[in-house]
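Asker: Here's the letter readout for the chains.
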Amino acid sequence: MHLVLFAIFAALCLAGAINLLVQSHPINSALSLIVVMTSLAVLYLLLGAEFLAIAQIIVYAGAVMVLFTFVVMLLNAGREERTYGSHAAKIVGFPAVAVFLAVIATVLLRAQGLGAAHLGEGLNAAKSLGAANDSSNLVVLSQVLFHELLLPFEVTSVLILIAILGAVALARHEGAERTAEK
Amino acid sequence: MNGSLFHLWFIPLLPFAGFLLNGILGRRLPKWLVTTIALLAPLLSFLFVLSAYVLVMPGKDPDLRHGLIQLPFVETCPQPWLAVGALHIDFSLVLDQLSLVMLLVVTGVGFLIHLYSVGYMHGDPGYARYFSYLNLFLFFMTTLVLAGNVLVMFVGWEGVGLASYLLIGFWFQKKSAADAGKKAFLVNRVGDFGFLIGIFLLLANFGTLTFSEIAAKLALMPYWTGGVLTAICLCLLIGAAGKSAQLPLYVWLPDAMEGPTPVSALIHAATMVTAGVYLIARTHFLFDRSPYALAVVAIVGAATALFAATIGLVQNDIKRVLAYSTISQLGYMFLACGVAAYSAAIFHLVTHAFFKALLFLAAGSVIHALGGEQDLRKMGGLRKKIPVTFWTMTIAVFTIAGFPPLAAFFSKDAILYAAFLQGTAGKALWFVGLATALLTSLYMFRLWYMTFLGESRSPDAHPHESPWSMLVPLVILAALSVGGGWIGVERFGAYLAPAVGEYHAASTIPHLEIILSIVAVLVALEGLLIADKFYRRKPERPAQWAAVLPIGYKVLANKYYIDEIYSAVLVKPLLIVSKYILGWVVDTAILGGLAWLLGGLANFAGMILQRWQSGNLRSYAAWLAAAAAALLFFALYFSGWSFSSLHAEPLNKISHITVLHFGEAR
Amino acid sequence: MNFLQQDVPIDWYLLLSAALFSLGVVGFLIKRNLITVFMSIELMLNAVNLSFVAFAQQWHAVKGQIFVFFVMMVAAAEAAVGLAIIIAVFRVRATLAVDRIDRMKL
Numbered sequence: 001m002h003l004v005l006f007a008i009f010a011a012l013c014l015a016g017a018i019n020l021l022v023q024s025h026p027i028n029s030a031l032s033l034i035v036v037m038t039s040l041a042v043l044y045l046l047l048g049a050e051f052l053a054i055a056q057i058i059v060y061a062g063a064v065m066v067l068f069t070f071v072v073m074l075l076n077a078g079r080e081e082r083t084y085g086s087h088a089a090k091i092v093g094f095p096a097v098a099v100f101l102a103v104i105a106t107v108l109l110r111a112q113g114l115g116a117a118h119l120g121e122g123l124n125a126a127k128s129l130g131a132a133n134d135s136s137n138l139v140v141l142s143q144v145l146f147h148e149l150l151l152p153f154e155v156t157s158v159l160i161l162i163a164i165l166g167a168v169a170l171a172r173h174e175g176a177e178r179t180a181e182k
Numbered sequence: 001m002n003g004s005l006f007h008l009w010f011i012p013l014l015p016f017a018g019f020l021l022n023g024i025l026g027r028r029l030p031k032w033l034v035t036t037i038a039l040l041a042p043l044l045s046f047l048f049v050l051s052a053y054v055l056v057m058p059g060k061d062p063d064l065r066h067g068l069i070q071l072p073f074v075e076t077c078p079q080p081w082l083a084v085g086a087l088h089i090d091f092s093l094v095l096d097q098l099s100l101v102m103l104l105v106v107t108g109v110g111f112l113i114h115l116y117s118v119g120y121m122h123g124d125p126g127y128a129r130y131f132s133y134l135n136l137f138l139f140f141m142t143t144l145v146l147a148g149n150v151l152v153m154f155v156g157w158e159g160v161g162l163a164s165y166l167l168i169g170f171w172f173q174k175k176s177a178a179d180a181g182k183k184a185f186l187v188n189r190v191g192d193f194g195f196l197i198g199i200f201l202l203l204a205n206f207g208t209l210t211f212s213e214i215a216a217k218l219a220l221m222p223y224w225t226g227g228v229l230t231a232i233c234l235c236l237l238i239g240a241a242g243k244s245a246q247l248p249l250y251v252w253l254p255d256a257m258e259g260p261t262p263v264s265a266l267i268h269a270a271t272m273v274t275a276g277v278y279l280i281a282r283t284h285f286l287f288d289r290s291p292y293a294l295a296v297v298a299i300v301g302a303a304t305a306l307f308a309a310t311i312g313l314v315q316n317d318i319k320r321v322l323a324y325s326t327i328s329q330l331g332y333m334f335l336a337c338g339v340a341a342y343s344a345a346i347f348h349l350v351t352h353a354f355f356k357a358l359l360f361l362a363a364g365s366v367i368h369a370l371g372g373e374q375d376l377r378k379m380g381g382l383r384k385k386i387p388v389t390f391w392t393m394t395i396a397v398f399t400i401a402g403f404p405p406l407a408a409f410f411s412k413d414a415i416l417y418a419a420f421l422q423g424t425a426g427k428a429l430w431f432v433g434l435a436t437a438l439l440t441s442l443y444m445f446r447l448w449y450m451t452f453l454g455e456s457r458s459p460d461a462h463p464h465e466s467p468w469s470m471l472v473p474l475v476i477l478a479a480l481s482v483g484g485g486w487i488g489v490e491r492f493g494a495y496l497a498p499a500v501g502e503y504h505a506a507s508t509i510p511h512l513e514i515i516l517s518i519v520a521v522l523v524a525l526e527g528l529l530i531a532d533k534f535y536r537r538k539p540e541r542p543a544q545w546a547a548v549l550p551i552g553y554k555v556l557a558n559k560y561y562i563d564e565i566y567s568a569v570l571v572k573p574l575l576i577v578s579k580y581i582l583g584w585v586v587d588t589a590i591l592g593g594l595a596w597l598l599g600g601l602a603n604f605a606g607m608i609l610q611r612w613q614s615g616n617l618r619s620y621a622a623w624l625a626a627a628a629a630a631l632l633f634f635a636l637y638f639s640g641w642s643f644s645s646l647h648a649e650p651l652n653k654i655s656h657i658t659v660l661h662f663g664e665a666r
Numbered sequence: 001m002n003f004l005q006q007d008v009p010i011d012w013y014l015l016l017s018a019a020l021f022s023l024g025v026v027g028f029l030i031k032r033n034l035i036t037v038f039m040s041i042e043l044m045l046n047a048v049n050l051s052f053v054a055f056a057q058q059w060h061a062v063k064g065q066i067f068v069f070f071v072m073m074v075a076a077a078e079a080a081v082g083l084a085i086i087i088a089v090f091r092v093r094a095t096l097a098v099d100r101i102d103r104m105k106l
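Residue numbers (our numbering), protein chains in the order written: chain R, 1 to 182; chain D, 1 to 666; chain U, 1 to 106.
Incorrect hints may have been included.
Partner residues are not named here, just some residues of chain R that face chain D (Cβ under 10 Å, in silico) [unchecked claim]: (1) ALA61; (2) VAL92; (3) PHE100; (4) GLY115; (5) ALA116.
The following label-pair restraints were derived from C-beta to C-beta distances [stated by the list, open to error]: (6) ALA105(R) x GLY599(D): 46 to 52 Å; (7) HIS60(U) x ALA628(D): 26 to 32 Å; (8) ASN76(R) x HIS60(U): 46 to 52 Å; (9) TRP641(D) x HIS25(R): 49 to 55 Å; (10) ARG611(D) x HIS60(U): 26 to 32 Å; (11) HIS60(U) x ASN28(R): 35 to 41 Å; (12) ILE54(R) x ALA605(D): 53 to 59 Å; (13) ALA628(D) x LEU109(R): 16 to 22 Å; (14) ALA605(D) x LEU109(R): 49 to 55 Å; (15) ARG82(R) x ALA605(D): 31 to 37 Å; (16) GLY600(D) x ALA105(R): 44 to 50 Å.
For the record, the hints were derived by calculation from the structure and aren't laboratory data. All C-beta atoms, glycine included, are put in the ideal place defined by N, C-alpha and C.
Only chain R is shown next, with the shape it has when bound in the complex (with noise of 0.2 Å):
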């Protein structure tokens, strides 16, 4: 059962990504890494991790892909248009992946300490939290989250505004900004 989940949805991981590379406008890629995300939310509850599959489609393809279709229209951006190109973007960069992708493929397939993804035998957390073994995932996850590290959560949601901030400063409307003064 897994083993078929897995295979119909990482096909369509490896299609999406696929798609985006392959398709010349932007609105076709923005769908396609929706598909990508979806897919990787179903891969996430095959592998026991249930609050981050759900968190993926809310804030991945909820949000942020919306905000890249938002972004796609406001701009209006159009077909590719053909540009003169980078040489070293092919001449360098595709061996740089090519190199990249064999060797990570062979230390994966050499490495011997990896099993195989059982569901159901529960996550550890800190032994000194001291959680049930049977637990479930989000339970354990919280658990983790606000107690040890409690401060980095902070300073995430702190970082967020930050960048909401930032993100109106810097798209703000020039000429908006001088006729609202006057």
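Based on the hints, put chains D and U in the right spot on chain R.
Answerer: Chains D and U alone, transformed into the frame defined by chain R:
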């Protein structure tokens, strides 16, 4: 002044202070102040030297039997100059009898010439500069004389060469003067090269450069003669020949007459050119060990004396005649050194300073009187018009000719007598010296007749007597020329004995000295008579003689073409090498090519690297990806293609710290 | 039946993650539209997230999932700011072609 306040270093430093003051501030100071500073420096130095002389004299008190200060009086700076390994050289000044005598001459005659210059250089725009250079010269000369080791002496040696260059080329706007300055410096350089080789040899063989230490080391080995000592002496001789204008390095001295006449008097008659003789006298302990070197010195001296005298016979510029006369008299001093009669050489040095300075200063007075005329053929009939100059110059001319009881009679005779005593070769040298004496008398009286007697050959001139500042030194020097020799070479030699060795000139033939003196006086008289005949009674005779021996006259008048020979053999090839080989090949092609190459390389590399910063996002991304892939590849390659063996200790530590820290914040 | 009951080996997830990452890099290199390039960056981030979750499952450590959580947060913030920058750039340069935005050079 008592002994404890006496410091040797005042003597050089006072002129140096004068040099600095006049050199830096001179142009802004009023003329009287410049003059005062310039005159005070040598005067104070001279008074110091006099006080040294007084302090040395034994006092009436039995405790002071040897004087308040004893010679040799050494002053060394507590900080060594060079202390490298085994080499140890100090700034040391030494006063002994030889340097005391020399200093009396240098500062005394120097002061008189400074006084003379006040009048002579009165209207010159470079007044302050002139006196600063003169003081600089005095500083270096006193350093040279007082030096306690060869290196300090070399400093003074080079320094007087520099001062000479500056003063010869004083009127540097005139090309001939600038060229003459350069020539003097360059020829001196050749001599200095020999001197330096000598210094190196001294250092290699003795390990020290202090005169007293070298003498002491030599005294320990009484059988060490010849060999490397000859080499050292010959190298020192080259240096001395350069500075004292002996063959073959004399060519700069006639040209040096381009400088102001007081400069010629001070530097090129009385003091600087005698530095070579002083050097040989100082290092006499080396020369005494090398009969070969002494022979070379004597031959060089005698040959130069004769050679210069023959040229001086036909010169028409009053200062040129005196220049060749200087070369000739220096030849006498070298001859004296060559026969190991160092005291006689120094004696002649002292008397020569008196009468030669007097000759030059009087010539300057004549030139000043005639408004700049220096050609003998245009002078004449000045006897009644400038009487003081006439009488002082007359005394000088009779002195140099060697008439008793004037100064040079005693000193010249001492030299000729010492030469005569040295065997057959000595007698040959004596004969050369005698012939030179004849020529000396002849050309000096020629000069005397053509300048002062007869009818004036330039009727437009209005000669006027010089101001008192120029006449007083003339009179003083004339007095010294008259009485300077009466001390006698015996007592002089006895005084100098601690410094230059015993003076012994005694012969088995009785009255030999008196006989030789009479011969010399007769020769001088002969010169006077010939000059009288040629230049007073029958003035057309010289022209007839010249017509009879046209080639001989021409050779003499053109100074044996030595300058032309040097120019063709030495100077021109050097210029060609400099211009073409060093100029084109080395400078332009090799060095310039190298610079061009390096610049081109940098340019080229820049051009290539510039492409990398194209601003193109994709190319940047490509290089990023390539670098990341390479890093990953090499990291895994070196740790066996597995993630677990990648050393991540630092990362583990960081994560532990983060975990532990926030674990507490519960 | 046996075949379908099998569990998925972890390294397949990791290989998928590597493949997605490489595709993201390739997209970064060959796409000419600025927004599409940005999307490729998001793809790369997601690939990394997948490998984190896989390892978290492998070693039963929830820390991996927490890391993914934070990555998501930061990626969202980054997407917001990045798109704002793209808008600002578009206003100035009036083009979204990556090759035309090359002012940062010598």
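Asker: Take the hints in turn and mark each one as holding or not.
Answerer: Each hint, compared with the structure:
no.: 1; hint: ALA61; in the structure: violated, 26 Å
no.: 2; hint: VAL92; in the structure: holds, 4 Å
no.: 3; hint: PHE100; in the structure: holds, 4 Å
no.: 4; hint: GLY115; in the structure: violated, 14 Å
no.: 5; hint: ALA116; in the structure: violated, 18 Å
no.: 6; hint: ALA105(R) x GLY599(D): 46 to 52 Å; in the structure: holds, 49 Å
no.: 7; hint: HIS60(U) x ALA628(D): 26 to 32 Å; in the structure: holds, 30 Å
no.: 8; hint: ASN76(R) x HIS60(U): 46 to 52 Å; in the structure: holds, 49 Å
no.: 9; hint: TRP641(D) x HIS25(R): 49 to 55 Å; in the structure: violated, 42 Å
no.: 10; hint: ARG611(D) x HIS60(U): 26 to 32 Å; in the structure: violated, 51 Å
no.: 11; hint: HIS60(U) x ASN28(R): 35 to 41 Å; in the structure: holds, 40 Å
no.: 12; hint: ILE54(R) x ALA605(D): 53 to 59 Å; in the structure: holds, 56 Å
no.: 13; hint: ALA628(D) x LEU109(R): 16 to 22 Å; in the structure: holds, 21 Å
no.: 14; hint: ALA605(D) x LEU109(R): 49 to 55 Å; in the structure: violated, 43 Å
no.: 15; hint: ARG82(R) x ALA605(D): 31 to 37 Å; in the structure: holds, 34 Å
no.: 16; hint: GLY600(D) x ALA105(R): 44 to 50 Å; in the structure: holds, 47 Å
The earlier numbered hints that this structure contradicts are 1, 4, 5, 9, 10 and 14.
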